[in-house]
Amino acid sequence: MKHLRGLIGLVAVAALMGGVAQAQRIAKEPVEDYIHEPMPPGFQVIIAELEGPVFADAKGKTLYTWPLNAVRNGDLGERKNTPTCDDTHQRVSSGLQSPYPPGLELPDVENRPSCIQYWPPVYASADSKAVGNFTVVDRKDGRKQWAYEGYALYSSALDELPGDVRGGTKWWRTGGDGRETGVLRIPAGPPPAIPPQFAINQISAGRLLTTAANDRSVYVFDKDTATKSNCDAACLREWAPVLAPEGVKPQGEWAIIESSPGIKQWTFRKKPIYTHILDSIPHSRQGSDVPGWHNVFTQKAPPAPKGWTVHGNREGDVLADPEGRTVYIYRCNDDAVDQLACDHPTQPQVYRLAVCGKNDPALCNKMFPYVIAANDAKSDTRIWSVMDINPTTGKKAAPNDPGALHVWAYRDRPVYTCARDKKPGDIECDSWGELFGLRNGFKAFWVRDDFGGYHG
Amino acid sequence: MKHNSILIAAAAAAAAVLVSGAAHADDLLKDRTIGYVLINKAFATWQSADGKTECPQGFNHGPREQFKELFEGVTNKYAETQLQYEAEIHFPGTGPEPRVFFREAQGKTALGLNLDGKVGPNDFTGPDGEKGIDNQMYRVVGCTENYRGPDGSARHFIESYMQKFNYNRWLFELTNVDSLADDDDVTVTIYRGLDGLTTDAAGNFTSGGTQRVDLNRGKEFIYSMPGKIKDGVLTTAPADITFPESQQRGFPYQSVHAWQARLKLSPEGASGLMAGYLDVERWYHNLPQQWSTHHRSYGAEPLPSQYRAMVRLADGYPDASGKNTAISTAWEVRFAQALIMHPDAPQTIAGKPAKTDIAR
Amino acid sequence: MTEITRRRVLRGVLNGGAVTVGLPFLNIFLNGNGNALASGEKLPVRFGTWFWALGMSKSVFVPKQTGAKYELPEEIASLKNVQSHINLLTNMTAYRDGNFFCHYTGWVVYRTGISPSANLQAPSESIDTTVANQLGRSTRFKSLTATATGDVRSIISYENANTPNSPEFSPVNFYTRLFGPDFQDPNAPTFTPNPRIMMRKSALSPVMEQIKDLNKVVGAEDKQRLDQYFSGLRQLETQFDRQLTKPEPLAACHPVKAPKEEAKTGNDSVLVQQRHNMMTDLMVMALACDQTRVFNMMLANPFSNTTKAGYDKPHHTCTHEEPRDEALGYQPNASWFVRRSMESWAYFVEAFTKVKEGDGTLLDNVFIMANSDVSNARVHSLEEMPAFTAGRAGGKLKTGLHIDCKGAQASRLGFTGMKVMGLDIPSWGTKSNQTNKELGELLV
Amino acid sequence: MAVFAKAGIVKAGPAVCLVAALALVSCSAPIGKDQGAAPKVASTPEPANDGSEKRLRVLSEAQYLNTLAHVFGPDVKTEPHFPPAQRYDGLLALGTARAGVSGAQLELYQKAAVTVAGLITNRERRGYLMTCKPASEKAADRACAQQFLAYTGRLLSRKPLPQAELAAFVETASASADKLQDFYAGLAIALEAMLVSPKVIFVAERSESDPQHPGQQRLDAYSLATRLSLFLWNAGPDDAVLKAAESGEILTPKGRARVVNMMLASPRLETGMRAFFDDMFAFDDFSTLAKDPKIYPSFTGVTAQDAREETLRTVIDHLITKNGDYRDLFTTRDTFISPSLAAQYRLPAPPTWTPYEFPEGAPRAGILTQISFLSVHSHPGRSSPTLRGKALREILLCQPVPPPPPNVDFSAVENPNSPIKTARERINIHQKNPACAGCHKIMDPMGLALENFDAIGRYRDTEKGAPIDASGSLDGKAFKDVVGLGQVLHDHPALTSCLVKRAYSYGTGGSAKADDKDKLDYINARFAEQGYKLPDLLRTITLSNAFSRINETPAPAATAASAN
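These protein sequence lines map, in sequence, to chains C, W, P and U. With this note's numbering applied, the first sequence corresponds to residues 1 to 456, in that order. With this note's numbering applied, the second sequence corresponds to residues 1001 to 1360, in that order. With this note's numbering applied, the third sequence corresponds to residues 2001 to 2444, in that order. With this note's numbering applied, the fourth sequence corresponds to residues 3001 to 3564, in that order.
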């Protein structure tokens, strides 16, 4: 991978070559089962901590696609079979994210990398042949590139070890409402091994299992066994068994039981599953407040760092540091045609400084302080990590640099708290920034929502 | 439990109504209690037919127009234009704005209530001649299209999200009421509700729906204050309150000092004005959380200029340095009569001990 | 020429798969005077829909007069030479029934009679699918959907609740799909029957076997009912037969030149109109060649990104942001976009009049309903919504009228369409959008 | 007890109404005798009888879709819009024993079959719904096709397919797979054909001689399994019931009892009984119900939908969950309310359905006073004692009322600004005109008792200012208000016998006829002994010879209807 001018130099290329320990989490928590599709030689599937199974190339780098999506004044991203991410260094804004005009010279334009420097295409050799859903598409520069379901595949310069998914995520309503988040790259992965009646909803707490028809969360009951549902008549008034076809072939983690005469019910990981009749919003978690009942995740998100807490407020629950201060995530996607991100320490910081403290790093550090990590703090997951940051430049620093802060980070990006928050559960700085924090701004780390707001 | 206990209690009294039939206002009282749910809300902006009286220089320019005025021919660097404007929106100063001109609503007529009991020089006179109206917020928003009736964009979207997003459900319940015509001692209790609004065959919001009270996540929005009813008009004693107001993006709330309401009660509901001293910082802080600069340009709303006007026109609750922190404001509101249900035992999720596992 | 019975020809066709029928086709397949289908069946009535985005500017869209002679206000002035072929319906209502999603609820109520409970998730199949399922003759394509947005994600039709029908968005692909290699030109001598339909036909034989077994156990009266069922199977078989035989020649169907090059992508209103007109010409010819009898045309997405040269706001942003011009009483640029949409609607209707069919034109044998997603886009209102019909549906539909529907349910337009197409459905839609009444004033 | 059979009355006319009235009067006399439950007596034995007719029925759309949902999963859905059945002798279900399948309808079945077969064999579902994989996806695989088609054929046609027919379907699947070079496309072609085959669409009952009773015919095991399943679950038999038929266990009294008890204990009984009562109460009228939005703005499409659900939920909860007395349905104050109904009853109710009991002394007692009956049997803008009275007679008492004579002058009734205020004054006009009095005498009294409820079921005690008099009498028993009417209905013998008649004909798929009188009397007697409990009634019917036996001699060629 061509070494980049200063900007991405810090990537420990050596670590990658060594193919250090698989990012497989210690298999205490079950991981998502997926359909083993035929893949081109060298491709593999890696279980990412948050996103579950994702495709990766031979070196373990996660693969992403950039599907076409609408921004306010037009469409960006790639159509099927037509990769557009190329070596051009964009210099001006596209003006597609209203109300600002196009043609504004982008910040730090001289050092702005090209699209493929951030998103190295997964090239295919001239003689590569299509395999399963993987096809070969032609790039404008004449080279061939692998595509999955027609969308060209890229890896991310930000990913270091196999299992890293730092380039893009499935968590935010990615690819959904580009009008607010901009057109994001999303990790490509094999379809989950779940019956067509079900769907997976990626939320911060993990890969939540819901019904496919209307996004209703499914639940399991402590009192049930693998072969018997103990939900009696009164219980059945609030919990509806998810009906299964008469003669379905049990496979993988799925089976069916006759929970009552003539009624076939799905079981997942040896537990009969239900929907909660009183749930008021799609992919709700209100049912898990009823003692004995739990939401079902094909794969739970890794736990927050030790000692961190979760607090309730007027909309739902948010993650907080040990002192109860709500934790915020900063996200940024610029307004150029190639929609490069601007929320990683190696990327321009001017966007963040504008909305966190009117371009004044000191005010930023006062209004949005980093979450300081103890010197010996250690994260046993990849998605949470500690890093050293120069608070003035916002860039990564060496551990013993003068003034460097040892801070907590999520997906290799520092997390923040908010000076305006006074008590646990406060969300004063939620949705703060351009397009209510979804385009260039801060969102609280929402763990649960009971009213069905837009959490990005 | 075969029957929901509160249902029986509330219903036993209802039967009395059923037997008596006619929906005369007093008949809606059930053990001296009646509930209402908010169905319409907008800033009370008095408007002349052609808008010239209060906005002789026309309406304000929005972000798109101000961008041209501020930066055209000056610079076309992203960081010095778009990011600079956004930075100014999120951290507005109070100094002069040379290249842009903010239009405040002129004239002496405005809707609203007399909040300070006095008739001061800056006060307005109501269209019906009432003196001493305090509504400086009218000057701030009166010439900004977003807030002007009948279909200013922000006005429309604030109301439509109030109607369709249950986070914003807002109730008040009158208790120990002897008569809805005259009663000089009633108790007004405000709650956040949990249920949607009821609509009729034509799609209008109507009375008679049920609203459960949110004693859990909505605990912070519960307030109680005395009220009086005279000739069918309810007036409440001033009280500092907060109420939820979100367009489903951020989840902010408004904070109002000396909030009070003057509402004409009818069998179907209540309508009139509510007013108070709106906390300037909180109202302004909510704007970028609610709707983006893109949406502000729907109704040509120049946020930085608007902040300066609010600070200038703030007329209440001075801070230590003597600078007023709140601005007299009035809203036109309409409520529908609703059957309010209090859950058996107040759940206490908000007070729940901290959990550690995100995915409990 | 030896007397070749239809049966032998069919058998030949069946066994040999692709068989070039090297014999003069005319006298075998046409009836006496050569203008109706061989089976003497009346020319088929087709069902179509058309969609434009972001409603109207009421003060310059809704005519003052109702009934037959109404003057076209300026926003729909471009409809003058199709005014006699269409009906303008105003003041219809789409009921929210407790849910509302900007720019989605409105058009989904017109097309399903149900207010959707989840954004971008259809509550059921759309009306074109319902009609396509009920139509007698199953043509090569069950239905055809095309969009002028150039975007495959523009959805205006649903096969069922979870399966949208993705539209044809590129004129070149649409041409190849319609008139490419596997196009069966009804007027050409060669014909290759579709193998899947062959198999469907042969699959009926075990079904017919079963009837013998049942006949042994039922009484006399029930035997009649089984016989009726058996004749139904026969009818199904002739259905498949008809699809396996060379279609009757259709004078109106003549080969169309392939589009020179791919239509330019881009949201400028002129480009959208170009793509719309190219797609319309292809769709009309597809109908003339009886490739389908149900069709949908979508001019723009509900959140329309169509732009106007020199104006910095696309249509959707403009409807929210442009101030109402006090003098004119409406938003001038927003109205500009609606006028361009109406020009496309005029082109669409006129294209049907250019195709001769029987003693009239294709427009005489078609029912088209046209609707938008809102009435006043600025506040997403679903009251006072406008809609159109076009065509005479084989003589069952009046034309040339402006009808003030006085707040009637929007779903009544779709219900009228289904009745005119001969569907026997007692009621359509749910909750407040449920209706069982047609728009009587439209019916002959 | 004289019950009208609609077909028997040749033409409407004044004389006819008089006959109907007389018959009623005569029938009112014996009411007193049945009053009060007979002393506990050993359960009445079933009289010797030769059961019902063997019938050929068409599956209803609900039965077709329920079967598909249980065999292939709730997400294998299609909206076929089959034309609605015709109501015959009070039930749509009986129309299916007379309906045919026209060519046009068969095309709907075929198109629905294409959708269903496509869903089953698509890439997502095939792994779950098919127990085997083809050797190659590009060619036929007889063994796998055989395994799947045998399994599916058995569940869809409600009995294992004979070897020859199965072989024909497998042959079709293989030929198609080879022709289309796609195993799953070939399988879909065979599945489409099976889904439109007569053994799936029709329910052809077969009989066999009864070894214990030589010369007596009875339903064979599979036909009995199907009759039971369509009656109790409104769907085809599942694997367990089919196994009981395969082993012949279902033909033994003990075996049939086990299967029936299993089916009665299943939650699917609720689906079956909802379908039965929705049919019996003629609730399909809701699909065309519309109220004038100007007069009744609060009555929306949602209210109509919830009103239908309220009554069905009350009936199922009372009769099945609580195993209550059928007669108490007409006096109970228990019901279920949803938010939209709560607004009509002016009660608070949380979202979803909540059990609720009207307080003592409230005018709401019995399902008659629920919004469903009151709104569906009213005009769009006004209540109608006649419509309500007629509905109660025909639906709850199985007493059809002849249609009005063609030359009725409605002007006196319809003119809006007449001095008449209440419905009772309007109705009295009918009493004066002999042509009308006959029938109106048997309809209006009950309807007038319900005048305290307007056209959308809201309570009122005055109409245009005049107080409403809800008193009246039913077949000689007087009552002073609607609660009184409920009590009189509770004790009316025709109430329970009507349910028995409807249930027996719904279960056997054909209307009860003259020579069924002794069977119905037996069932009625058992029903009374067991305290008028629905599950017991269903058990009595399904375990009776009247249900399982077949009278081989087909009914006389004349139309099946005969006065009974």
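I should point out that these hints are in silico values taken from the structure, not numbers from a laboratory. Glycine included, each C-beta is placed from N, C-alpha and C at the ideal position. Be aware that a few hints might be false.
[Claimed, not checked] Reference listing, derived: stretches of chain W covered by chain U, where coverage requires no fewer than 3 residues with Cβ under 8 Å from a Cβ of chain U:
hint, stretch
1, 1199–1207
2, 1289–1296
[To be verified] Below 30 Å or equal to it, Euclidean Cα-Cα: the simulated DSS-like pairs (lysine-lysine) are:
hint, chain 1, residue 1, chain 2, residue 2
3, W, 1131, W, 1228
4, W, 1077, C, 366
5, U, 3138, P, 2142
6, C, 270, U, 3432
Verification of the supplied hints:
1. 1199–1207: Our answer is that it holds, as 6 residues pass the Cβ test (under 8 Å) against chain U, meeting three.
2. 1289–1296: violated (count 0)
3. 1131(W) - 1228(W): Distance of about 21 Å is within 30 Å: holds.
4. 1077(W) - 366(C): holds, 27 Å
5. 3138(U) - 2142(P): Since the Cα atoms of residue 3138(U) and residue 2142(P) sit roughly 26 Å apart, the hinted pair holds (cutoff 30 Å).
6. 270(C) - 3432(U): Outside the cut-off at roughly 74 Å; violated.
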